[in-house]
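Spelled out from the first residue to the last, the chains are:
Protein chains: 4
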Amino acid sequence: MIKAGIVGGTGYTGVELLRILALHPEVEVSVVTSRSDAGSRVDATYPSLRGLVDVCFSKPELSVLAECDVVFFATPNGTAMRMAPELLEQGVKVIDLSADFRIKNPSLWEKWYGEPHLCPNLIEEAVYGLPEINREEVKSARLLANPGCYPTATQLGFLPLVEEGLISLDGLIADVKSGVSGAGRSAQVSTLMSETGESFKAYAAQGHRHLPEVVQGLEAVAGKKVGMTFVPHLLPMIRGIHATLYAKLVGNPSDLQELYEERFKDDYFVDILPAGSHPDTGDVRGSNRCQISVLCPQGGDTVVVLSVIDNLVKGAAGQAVQNMNLMFGFEETVGLKTVALYP
Amino acid sequence: MIKAGIVGGTGYTGVELLRILALHPEVEVSVVTSRSDAGSRVDATYPSLRGLVDVCFSKPELSVLAECDVVFFATPNGTAMRMAPELLEQGVKVIDLSADFRIKNPSLWEKWYGEPHLCPNLIEEAVYGLPEINREEVKSARLLANPGCYPTATQLGFLPLVEEGLISLDGLIADVKSGVSGAGRSAQVSTLMSETGESFKAYAAQGHRHLPEVVQGLEAVAGKKVGMTFVPHLLPMIRGIHATLYAKLVGNPSDLQELYEERFKDDYFVDILPAGSHPDTGDVRGSNRCQISVLCPQGGDTVVVLSVIDNLVKGAAGQAVQNMNLMFGFEETVGLKTVALYP
Amino acid sequence: MIKAGIVGGTGYTGVELLRILALHPEVEVSVVTSRSDAGSRVDATYPSLRGLVDVCFSKPELSVLAECDVVFFATPNGTAMRMAPELLEQGVKVIDLSADFRIKNPSLWEKWYGEPHLCPNLIEEAVYGLPEINREEVKSARLLANPGCYPTATQLGFLPLVEEGLISLDGLIADVKSGVSGAGRSAQVSTLMSETGESFKAYAAQGHRHLPEVVQGLEAVAGKKVGMTFVPHLLPMIRGIHATLYAKLVGNPSDLQELYEERFKDDYFVDILPAGSHPDTGDVRGSNRCQISVLCPQGGDTVVVLSVIDNLVKGAAGQAVQNMNLMFGFEETVGLKTVALYP
Amino acid sequence: MIKAGIVGGTGYTGVELLRILALHPEVEVSVVTSRSDAGSRVDATYPSLRGLVDVCFSKPELSVLAECDVVFFATPNGTAMRMAPELLEQGVKVIDLSADFRIKNPSLWEKWYGEPHLCPNLIEEAVYGLPEINREEVKSARLLANPGCYPTATQLGFLPLVEEGLISLDGLIADVKSGVSGAGRSAQVSTLMSETGESFKAYAAQGHRHLPEVVQGLEAVAGKKVGMTFVPHLLPMIRGIHATLYAKLVGNPSDLQELYEERFKDDYFVDILPAGSHPDTGDVRGSNRCQISVLCPQGGDTVVVLSVIDNLVKGAAGQAVQNMNLMFGFEETVGLKTVALYP
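Residue numbers (our numbering), protein chains in the order written: chain R, 1 to 343; chain Z, 1 to 343; chain C, 1 to 343; chain U, 1 to 343.
Since the hints were derived computationally from the structure, they do not count as laboratory data. There could be a bad hint or two in this list.
No copy labels: a pair is met if it fits in one copy or bridges any two.
To be verified - Distance condition first, Cα-Cα at most 30 Å in a straight line; then the derived DSS-like pairs of lysine-lysine:
hint	residue 1	residue 2
1	K248	K224
2	K248	K225
3	K225	K111
Nothing here was measured: the structure is a model prediction, and the numbers come from that model.
Let the sequences and hints guide you as you build the complete structure.
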C-alpha cells in the first residue's frame, strides 16, 4: 500500500484520479490539494465519491506532500515545474499530468507555453509515459511526464506505420475531436452547455500545444523529421477523443491489419478492432482502452487510422495510474480493468 | 463460482448485466441468448466487451439454460413467464428483469400488460427484489421479480415517510424523468437522437405500467390504500432517473433528514445527501447507488423527495446482481463497488 | 419604423432579441450596449448575425438610449431600475426582461432579490406583460415588466382552472424543467457542458425567485391566496421549458379540453393540443408559442397540465417583442410568425 | 403564387421543406404525400406545424401531383426516377432532394446505388443545383438534382482553390462530420439517442455515396481528375455539418482570405468569416447559410478549409427552395432570410 497525493484535485483529471484510485488495492490517497476548496470535504464537491474518499482538500504544502510515495500533478501548466524539484529531492516520485515535462526542448516549450521553463535540467530526466512505446523506461522513472490526450490517441494510431517506415512523414494529417471535459472544469463561456451543446467547430487550427508533443514523439520513433497538420475540434459531448489520421503510404505494406494486431499484441490497453470496424468513443467511455482501426479507402495509397480513447482515462488519469503501476512494480492493469460504460 | 445465463442479451439491460458480471469474481457467464444474433460473438455486437466476455449468442434453449445456477431474463415482458417454470423445476434460480412477476394480482397484471398471465401460481412465490425493503426474503428466493426502474427510485424515496405514517396517502404525486436507455434498444422513431435530443416531454401521463407496481409496493408497506398521480417524462440523455416526489405531511415529523439517514444507514446502496443538497443523476451514472434528498420547501406541509438512480444499474441490472448476491450468499456489494462516472 | 435600444446585448436574451428584431419590419435596432464588449461589432461576438445586424456594442449611455423609441433591458436584475426612470421621463418606452418590475410588493421584491428597490413608485405603474391575461393594459404601457420564463409557462398552464375556480388553490404543485440557456451566458462551473450534459437535477427546491411571481399572478386572477410548491430542474439541453402542473379539482368541471380551447381561442401564441397529446419542447423550439395539454389521469380528481415554451422566446425575448408590438400598435404577431425548428 | 407538392413528407427533409414553405410568400403547398400516414393531418405528425400547414397526407398519385407547378422529392433514393418522367411530361418542374439525378454517369450511379438507373436519358438534362456554381443553368432547369449535404459543404469549401488551380488535385482529404438528422427519420438502432448521444465515430470510411458526387463536381470545375479521401463521422447532435478540408498548395497564392471573399461576394448564402475564425455549426443552425474559414496552419503548404452548413437547410430543403426560387424567377433569397437559431 503506497501513499499518493494529488495536487489540483478539483479539476476533471483530479477527480478522475480519485475515481480510479478509490478502488485501487495498492494505493491510499492521503492528500488532495486545492487552494480554492481547502478545508472542505472532497465528497462535498464530488458527491459521486461519497463513502469512497474520506479526505478533505488541503492547501498544497511541500512538507505534507513529501510524506507521499507518489504525487500526481493534475494542475494547470506551470505548477508542477515549481514543486517537482523539491519533491524529487525528498524521494517522492512525481507523475505530472500537465505539460511541464513533456517537451524535451526548453525553448520549444517556452514558445508554446509562454514562459521560460524553470527546471530545464529535469526535462531530460523526465520519462514520457506512453508505456506502449517505452514501458521499460517508465518502470525506472522518478519523474514521469504523462502524455496529453490528443497525443496519446494520435501517436498510438500512427505508431506502427512510423515504426515500419510505411508512410511519407512530411504530410501527416491529424483531424482530432475531443469531448468538452478536455477543456477542464474552469468557469468559461466557451464551454458552457449553451455554447457547446448541439454545436461543433474546430479550434486552434493555426496551432495547438499538442502538435509539438506529437511531432516530438513520432520523430523519436522515426529518427527523422515529421511534418504534420493538426486540427482539433470540440465535440458536443463530455468524454472521448477520436483521432482520424491520414498519411500517404510508401513502399508496399503487405497487411496493415496484421501489422497493427502484431504491434500491440502485448499491450493490454490497445485493442485493434476487426478489419472494417469503426471505433466508437462510446465503447471506451470510462475505460483505459484505446481502440483502433486501420484502412485504405478504395484500396488507394492513403491510409486512414481511426483511434479512440476516453480523454480523461487513457488520455489522462488512467494512463497516469498505468504509469504509476509500472513505476512501483505493480501489475500494469491493476485498478484499470474496468468495462466501458456503454450505452 | 456460479454459472449464469442471460436470456435476451442484446438489449441494454442484457449488455449492462454483462458489463457488471464480466468483473464479478463469483460468476461465470456461460450462456447469452439472442434469437436475432445467435451464432455471432457477443463482443462483435458490443465492442466494449472485447477481451472480457468470450461467448457467442445462442438461441434460447431450456436444456442449455438448465445447466446454469441462475438465469437472468433481460427480455420483453411475456418471455420469462413462458420459460421460468421449467427452469425452476430443474433447480435453476431465476431473476426476471422484466415485469412478468412483479404484480401480485394476476388480473391487474393482465389489465396493464395486455395478456393473461401464464403461471399465476408462481406469482405468489416470486419475491419482489427491493433489498432495502425485504432483504431477508430475497436471500431465500428461487424466483426473483426485479423491480422496474421508476418503481425503484420512487419507492425508495417515499419509503421512510410511508413506513412512519407521516404523509397523507391519497394524493401522492410522482413526477419522474428517465433517460432514453429506459426505452430499450429497439428500432423505433420515438427514441431516435433527432427526436429525443434537445427535447423534453411527458409520456404515458394517462397511465404507465409502473404505476400499479409502485402503488402495490407502497400499499404493502403502509397496510392501506395509496392514491398516486404518476407522470413520466423522457430526458434528452442516456442514463439516469430522477424522481421528484410530493406528499402532504400529516402529524408532526421531528426531523426528516435524520429519519432518512437512520432508515437507510444499513443500506450500502442508498445514500442520503446532506440537508440542502440536490441529487444529480450524473453522480450515480454507472453505479448501483440511489442518492436521495428530502425537504419541505419554505417550511410548509408539502414534503419533497428527490431521488436519483441509474436506470440500467440500480434500476435494472445492478439491482439484479445485488439480488443475486443475496440469493447465493455472497457479500451484497460484490461486483458492485464501483464509482459513478462523473463527469 | 421605430428605433430600439437593447441594454445588455451580450447575454442570451439580448442576442435573442437581436435574432427576432433583425427581421422585424417595423423596428431598427440602433443601440446595443455592453460594458465588456463596447467598441466591437455585435456580429463579431455573434456570427449568426453577420449581414443582419450592422451595429457595434456601445457603453450604456442614457443620452444615446434616450433617442430610441423603446429600450429593452436584457440585463441582470438591478440594472433596469437604475436607468428606467430617466428614460421614461424622456418619453422612451421601457421593456424590462429582468425581474426589476415584476413584483408589486417592494418588500417582497427586496426579500427575494436581496436589495431595496430603487424606484418603488414605478412598480405600480409597470404593466406585467402576459398579453394572454392583460392585453389591453399592455397596449397602453410605458413601462413593461416582461414575465419570467417559468412564470409564463406556469401561469398560462394554470390560468383557465384558476379563472373558473375549478381547483383547490392551497396545494398547487409546479414541477418545472428548463434548458440551460435560462441560466444565461455567464462563465460559471455549474452550467458547463461537462456538468449539465447527460445529467439532470433539481435546484433551488427550497425557493426560487419565480415562485412569488407566479403566485402573485395567479392570486390576481383568483382574487384569493394561492399556495404553491415550485421545484425547478435543469435539463441537459439548451432551449425549452416544460411545466408539469398538478392540482386537485373541486366542483365539477364538464370538459377541460373544451375549457382550455375556448379560453385561448383568440390567443395566437397559445396552442391547446388535442386530447391525449404530450407537448414536446422540441415543437416550440425557436418559436413564440406555448403548447398545452390538460388531462385527469385515470379519471381521478387530480388535474395535470403540461405546458411547454422556448424559454428564450415566449419565456423572454419573443414575449418582449409581442408586448412591444402591442405597445406600439403593431399587429401582435408581426416578426413572430416563425415555425419551430423541429427536429 | 405557385402550387407545390412534396413527395415523401414524413422524413426530415420533407418536414423541413414544410417549415420553410409554410412562410414562403409565393408558394402554396397543396399536396404532401406519405404512404404510411395517408389520410391523417400533417400537423398531427408534426405539431410544430399546427396552424401553419392545413393539409392531410395523401397517397402519392401522379394525377394529383401533376396539378402542381413544382414537385419536390424528399424520398429515399430510387423513387424520383420512377415518377419524374411523367411529371416532367405534364409540364411540372421537379426538384429531387434524393440522389437519383446527381451522378451523370449511369454506371457509376448503379455502382454506388445498387440498381440500374431507370431514366438515364433524363440524367443529362438534370441540372445539379449548387447555385454558387451554376446559377444560370438552375434558372432554366425543368429537372433539378439537389446536392447532397456533405457535397454542398465540401464543394463550396474547395471551390475557389480548385477554380484557381491552387491545389494538388490528387490527394484531397475531406474529413466530414454530420448531425444525426442526416440519417433520416427511419426506425433504426444505429441512430437511437442511446447509441449516438455522448458518442462519436466514423462510418462508411471505405466509401460513402457522397464521394463520387463531390469528385464529379470538382472535376467539372477543374477539368481534370480529382483524387479524394472522404471520411464521414456521426456527431452526437441533430443538425449541422462541418467539413474539414485539407489540400497541398501548389503555385503561390497571394491571399487566400481575399480569394475566398471575392469568389463568394455575390453569393448571399455563402459567408466567408474573418481570418482566424472557426465556423461553428451552431451559427448556421436553421439557416440556409454556409460559413467558411480558410487558413494555412503555421504558414505551411497545407491549406485547411473549415466549412459549415445546416444539413437540413443548405444541405437539403433550404437549398431546394433556393433552387426553386431561381427556377421560377423569384428573388433567390425569398423565404430564406432567417437568422440561425443560436444558442
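Now the hints, each set against the structure:
With identical chains, the CA atoms of K248 and K224 are at most 30 Å apart both within one copy (16 Å) and between copies (21 Å). In this assembly of identical chains, K248 and K225 lie within 30 Å of each other by CA distance both inside one copy and across copies; the values are 15 Å within and 18 Å between. Proximity of K225 to K111 under the C-alpha cut-off of 30 Å is restricted to the intra-copy arrangement: shortest distance 19 Å within a copy versus 42 Å between copies.
Consistency note: the structure conflicts with none of the earlier hints.
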